[in-house]
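Visitor: Working from the sequences, and respecting the hints, build out all of it.
These are the residues of each chain, in order.
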Amino acid sequence: MSFEIIDANTVFGPWPIVRADMRVERLTEALANHGVSRALALSTVGALHNYNDGNAETLQACSAQQGKLIPVATVDPRGYFGTKGMAAKLVEQGFKMFRFFPLLQEWSLDHAAFVDLLDDIESVNAAVMVQARESGCPSALARVLAGRTTTFILEGISFENMAEAVSVMRKFPNVLCDTRELRVPGALRFLVEQVGADRVVFGSGCLRSSLAAALGYVTDAEIPDDAKAAVLAGNIKRLLGGG
Amino acid sequence: MAIIDVHAEIGTTPLWGVPFTDANLARSMAKYGVERSIISSTIGNSCDFVRGNAQIAKVVKANPSMLGCVVVNINYPEQSQKEMHSYLATDQFVALLLTSGVRGRHVTLAESEEILNAHRRFVKPVYLHTPNQAAALAANEIAKAFPVMKFVLIGMGGEDWRIVTLLAEKTLNLVPEISGSSSPDKIRFVVEHIGSHRIVYGSGLPYVDPSAVIGLVDDAEISDLDKRNILEGSAKRLFGWSRS
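Residue numbers (our numbering), protein chains in the order written: chain A, 2 to 244; chain B, 19 to 262.
Keep in mind that the hints were calculated from the coordinates and are not lab data. As the structure is a prediction and not an experimental result, all values here were calculated from the model. Heads up, a few of these hints could be off.
According to the in silico footprint, chain A covers these stretches of chain B (three or more CB under 8 Å from chain A) [to be verified]: (1) 31–38; (2) 207–216; (3) 227–236.
So, partial list: chain B residues that the calculated Cβ filter (under 7 Å) puts toward chain A [stated by the list, open to error]: (4) Ile-61; (5) Cys-65; (6) Asp-66; (7) Ser-260.
From the three backbone atoms N, C-alpha and C, an ideal C-beta is built for every residue, glycine too.
Guide: Spelled out as structure tokens, the structure:
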């Protein structure tokens, strides 16, 4: 059975931390080679330099790809001064999701400006993806989630913090997770059994992680085809408004 | 007293995204009597050294009072060497800045050896960020391995400026740059130990206001000649401008 595939977690742009070829052309080539129809994408400039420049670069690169790349905005709370309506403006510009990088940028999930940002995003219909690959991240996020209706995607859940993620997901029906760091045999099946296939979205982390590896893990997982279809595309399509 | 600023950056700042342009720098230079500034790009330092160097090449071409510092990244040795060949052969670029790709993380000898071997032909000073003791010790090791090159220690070890001073006492190709800690004792201590002729002024713009670092020198209990050396003379000698 062939599946529609949408990758919820891709990045392109300069990567100074280690040597890497992260040109946007390489991303689109990888997507084409692996039958990924669309990907939510973001320029690393937004995470590593400043979000205004990065968001502009993301929009520009995505608009050149005729719908293959869906723009994702980022805002670094360390440089956010509570501008009301910023999220609405970004959505108006065409951004479909927000991503946050607390681990890369070294701020905590109870950062007051981050909470302000979440308040601002609450007024728009866009999901939020948050780096959560370390133990403690899902719990820390849970502490700022009360009363929110925004959909949150925990990025980079692994064997080590899956129990924590599941606990948070059970308490907050608006919390999902992606598949980027799932490596352990049977982990996806276990996750689907715990929280349901409609709470997991395919995200590879490409170009920082192998698209082939991430995709192979999901397609080979021992879960029903309808669950695979939901993980690989259905769930994120629903979040993006069915488009 | 004329001033030479050996370390300023231009471009949009990380986090806030506030633009600090060559026009902003020119205004600041005029305000503080800075004759020349050696500049690199904010984005070159944060994430994209190739783009940053290209931006600086345009700026220094249009502004004779500004000179470029080529930024390279130890994680990209081949690309770094290409950048060095493109820019360091020109008079408009006068220094090389080695970065680790992560702000706050210093470079080590093992990581920088290949790039520094390639840099031998250019005979231009090498900048190293030294925000703390570990960075200063690593810089000292690099300087000892490449005794023919001058190494400018940006930030002078931060709060660990005494360590930098003691290292520079023994390693004669280390040149402390005084942005970093605002300790009122720092300037006199370093002058007494290594002499003002080996200490240079860097503003650290746009992250530090020049008034702070200039004030540190003005306020230090050292002679006027020492102050002139720090703010101008040492840089002139370091870059070979005192002969012209």
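Visitor: Determine for every hint whether it applies to the structure shown.
Guide: Results of checking the hints against the structure:
no., hint, verdict
1, 31–38, "holds (count 5)"
2, 207–216, "violated (count 0)"
3, 227–236, "violated (count 0)"
4, Ile-61, "holds, 5 Å"
5, Cys-65, "holds, 4 Å"
6, Asp-66, "holds, 4 Å"
7, Ser-260, "violated, 35 Å"
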